[in-house]
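Hey, can you work out the whole structure from these sequences and the hints?
Using our numbering, you'd call the opening residue of the sequence shown number 1 and step up by one each time.
Honestly, the hints are just simulated from the structure, not real lab data. Treat each hint with caution, since some may be false.
Stated by the list, open to error - Lysine-lysine pairs mimicking BS3-like chemistry, simulated, CA-CA at most 25 Å apart: (1) K107 to K54; (2) K137 to K108; (3) K107 to K32; (4) K32 to K61; (5) K30 to K61; (6) K54 to K108; (7) K137 to K32; (8) K137 to K61.
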Amino acid sequence: MLVFGIIGILVLVLIFLVLRLQNANREVQKLKFSLRSLQNQTRYTLGALLTMSKQLQYNYKLKLDGLRHHGLLHGDDLLAAQFLIDNFVVVVTQCCERNASVEEALKKALEGSPFSMARIQQFVASQAVEVRVPWSKNNLEGFMSACNNMVSGKLKTQSSAEEQTSS
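Right under this line is the structure:
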């Protein structure tokens, strides 16, 4: 009788464990489905972000070219501004995918280029407050705002800086 009781208890424990395992498997399947869904949403969002950042970069290049044609930007300032705008998508991608700061993303973009981080910082330091303040945040929002202000005519060029010091 005692043996039948022990066998009964073991059978109940076995049934309990099988049911728990089935529930755990169902939960794992739900989590896998949820993960696939989130991965698809993330890929779509990243693709949309890249598309928008490429379009912004294109628009910024056009505005920068307009500043160059009007003679508002030339020399080393033009090269530094072009470098920042040319690497706009790289910075946005690094900041979004890798959660990097703007400085880290720019250091990655500077690898193999004739520019240095000190030259970029010198260029930004010589700009108007509308460019310097957002840049100092060292985040993606500040970088985008600084680039926008830089190409929207709030740019201080070498000649305008020289005129202000002479007066």
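Hints versus structure:
For the proposed pair K107 and K54, the alpha carbon gap of about 20 Å is at most 25 Å, so the pair holds. Taking the CA atoms of K137 and K108, the gap is about 19 Å. The hint holds against a cut of 25 Å. Under the criterion of a C-alpha separation no larger than 25 Å, the hint pairing K107 with K32 is inconsistent with the structure, at around 37 Å. A distance of roughly 43 Å separates the Cα atoms of K32 and K61; the hinted pair therefore is violated under the 25 Å criterion.
A hinted pair counts as satisfied when its Cα atoms are at most 25 Å apart, and K30 with K61 does not qualify at roughly 46 Å. Taking the CA atoms of K54 and K108, the gap is about 18 Å. The hint holds against a cut of 25 Å. As the CA atoms of K137 and K32 are separated by approximately 38 Å, the hinted pair breaks the 25 Å bound. A distance of roughly 23 Å separates the Cα atoms of K137 and K61; the hinted pair therefore holds under the 25 Å criterion.
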